[in-house]
Amino acid sequence: MNYTVTSDNFEGKKKGESITEKELLELGLNADALIASEHITKTATTKPVEETK
Amino acid sequence: MARIVLTDASVVINGINLSEFITSVAISTSEDVVDTTGMGSAGARTRVAGLADNSVTFEFNQDFATSAPEVTINAVGSSLVGTVTTCVVKPTSAAVSASNPSYTFSAVCAEWQPLSAAVGELATISATWPISGAITKAV
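As given, the protein sequences belong to chains A and B, one line each in that order. Per the working numbering, the very first residue in the first sequence carries number 1; after that it's consecutive. Per the working numbering, the very first residue in the second sequence carries number 1; after that it's consecutive.
It is worth saying that the hints were derived from the structure and are not from the lab. Cβ atoms here follow ideal geometry from the backbone N, Cα and C, with glycine treated the same way. Please note that the accuracy of each hint is not assured.
Said to hold, decoys possible - With a Cα cut of at most 27 Å, we get these calculated BS3-like pairs of lysine-lysine:
#	chain 1	residue 1	chain 2	residue 2
1	A	K14	B	K137
2	A	K42	A	K22
3	B	K137	A	K13
Unchecked claim - Not close to chain A: a few residues of chain B, all C-beta gaps over 12 Å, as computed:
#	residue
4	D53
5	S67
6	A68
7	A75
8	V88
9	T92
10	P130
To be verified - Footprint (simulated), chain A over chain B, 3 or more residues, beta carbon under 8 Å:
#	segment
11	5-18
12	76-86
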């Protein structure tokens with residue numbers, strides 16, 4: 001899971017940068033609280049579409 | 001070594017820098033004192049240190065805006081209150097060094113006052129949170 005930083009106050013990351021779930025875990029951060037407080041949002045992941053012939 | 005007057009302390013709670021809202025921070029450590037006195041102690045008690053008990057007290061200026069204390073600590077749907085959260089405190093916002101150590105710890109957000117002030121006063125929050133485990137100091 002990837003997240004996008006939407007806050008100006010996120011330590012070590014700028015607004016618009018990405019952070020992974022692994023990074024959040026390593027930093028001991030509570031992802032749910034960060035999402036609820038709108039400091040990060042889940043990044044929409046697009047599944048590659050297989051080409052059909 | 002220069003003395004320091006705190007004007008730029010850095011407080012990061014759950015990865016969010018709330019320094020601009022912080023008016024006071026105090027990290028406290030105390031050790032249990034365990035009595036080891038036995039016979040032949042020459043009439044004086046002997047003691048050793050036991051378990052450490054750490055806590056942190058933050059004083060905030062309350063603010064309900066985006067990225068401010070209330071929404072960061074007590075968001076609707078997923079509040080940090082009642083959970084253990086990672087905090088990092090430094091004397092100044094500069095990089096970590098021997099003269100600007102960082103203190104990292106897991107605090108139990110055991111109390112929170114969303115609104116506390118008398119008429120005409122600034123709304124502030126004083127929260128003392130017990131620390132779970134050791135405080136890691138980095139230089």
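Run the structure past the numbered hints and jot down the numbers of the failing ones, going up. 5, 6, 7, 8
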